[in-house]
Amino acid sequence: MIKKMTAVFMALIFLCAICLSGCGGEDTLTLNVYNWGEYISDGSEGSFDTILEFEKWYEETYGTRVKVNYTTFASNEDMYSKISSGAVSYDVVIPSDYMIARMAEENLLLPLNYDNIPNYEYIDDDFKGLYYDAEGKYTVPYAYGIIGVIYNAAEVSEEDALGWDLLWNEKYADKIVQFNNSRDAFGMAMYKLGLDVNSEDKSVWDTAYNELVVQRPLVYSYVMDEIYNMMESGEASIGAYYAGDYFTMKDAQAENVDLKFYYPERTNYYIDAMCIPSCCENKELAEIFINYMISEEPAVANALYTYYASPNRLVYENEDYISEMGGEAMEILYQRAGDFALNYDKNAYHNLKPEMLDYINGLWETLKIN
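165 is the number that this note's numbering gives to position 163 of the sequence shown; each next residue is one higher, with no gaps.
Don't read these hints as lab results, they were simulated from the structure.
Warning: the hint list may mix true and false statements.
To be verified - Taking lysine to any residue and the SDA-like style, the derived pairs with C-alpha atoms no more than 25 angstroms apart in a straight line are: (1) Lys194 to Glu267; (2) Lys262 to Tyr224; (3) Lys252 to Ala156; (4) Lys84 to Glu286; (5) Lys252 to Leu306; (6) Lys285 to Asp51.
In this text the structure is predicted, and so the values were computed from the model without any measurement.
With these hints in hand, go ahead and build the complete structure from the sequences.
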């Protein structure tokens with residue numbers, strides 16, 4: 003009898019708490035954001051804390067608390083596996099172009115209400131209506147860039163630092179790291195051989211696979227974010243990665259490390275964009291967050307922190323941003339990229355048919371276990 007009365011009493015308290023919370027406007031909203039590692043200004047070393055500042059701004063603006071649950075992924079493929087499984091719920095994700103195309107095709111994205119994203123007007127028109135979102139329904143570009151080769155000049159001869167051949171140079175066996183995702187690893191071999199990275203011909207992928215088999219004994223490790231520590235410390239001497247990350251590594255390099263960077267003649271041009279997945283539980287809040295991310299202060303702070311090129315005029319026209327980035331970064335990220343829009347379509351990864359993706363994944367698994 004006492005247990006029953008206690009249970010009833012506790013239930014009444016719980017119901018009252020819900021009522022008071024709802025009536026008093028004290029509910030805390032939740033926003034789940036899923037992004038790449040090292041891809042947002044996080045308050046470290048005195049930097050702008052994007053998530054904390056958004057939470058403060060939202061409460062001041064709307065009078066309601068919001069809690070952002072921010073988690074990271076290492077590759078587009080990892081992100082896709084989680085979203086497509088249906089086992090998790092995220093409100094904002096930031097995939098790359100080819101994965102966005104795949105997710106849209108599989109109905110894993112929701113169309114955006116751009117009325118809630120007025121800062122979209124500051125995104126350069128060259129980055130709108132591209133192949134992965136031709137009708138401009140699903141995306142707000144966040145950052146873009148080109149994959150290049152990073153090497154330690156204290157150990158690697160300048161004469162050897164040419165094209166993709168450096169990552170197949172036997173002289174540097176066990177000092178080379180390779181992407182730990184199939185699309186970028188195969189892409190590297192295909193750019194090296196002059197092959198079409200969007201081919202639907204299995205024999206083309208077989209040729210690239212054979213090139214990766216040749217490289218396999220030279221590879222110290224297959225990596226994603228692990229490349230930072232390996233290159234910064236000198237544990238690895240050669241690796242291909244996203245241009246912006248070169249500057250992050252360079253800033254943290256050890257005394258005996260002298261990191262350099264170059265673009266091979268053929269390489270991947272990519273765009274990462276903010277999207278709302280179909281599992282989203284608060285779409286309007288997600289759109290407000292996206293709009294905040296492309297407002298000037300957080301957009302500049304994120305671009306400074308990540309060292310990635312920004313498609314946002316509020317960033318690349320900001321004098322403080324230009325000054326703080328410095329000449330080498332502005333040259334590599336912007337000037338050396340040339341006319342990104344003209345080069346993008348022929349160098350970007352496109353979404354492939356499901357049977358081709360399955361075939362590539364089979365080749366990749368075979369490579370990794372041998």
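Against the structure, the hints come out as follows:
This hinted pair checks out: Lys194 and Glu267 have alpha carbons roughly 9 angstroms apart, not beyond 25 angstroms. Distance check on the hinted pair: Lys262 and Tyr224 sit about 20 angstroms apart at the alpha-carbon level, within 25 angstroms; holds. Under the criterion of a C-alpha separation no larger than 25 angstroms, the hint pairing Lys252 with Ala156 is consistent with the structure, at around 13 angstroms. For the hint pairing Lys84 with Glu286, the CA-to-CA distance comes to about 22 angstroms; that is within 25 angstroms, so the pair holds.
Of the pairs offered as hints, the one joining Lys252 and Leu306 holds, with about 14 angstroms between alpha carbons and a cut-off of 25 angstroms not exceeded. Distance hint between Lys285 and Asp51 is fulfilled; the C-alpha atoms sit about 23 angstroms from each other, no more than 25 angstroms.
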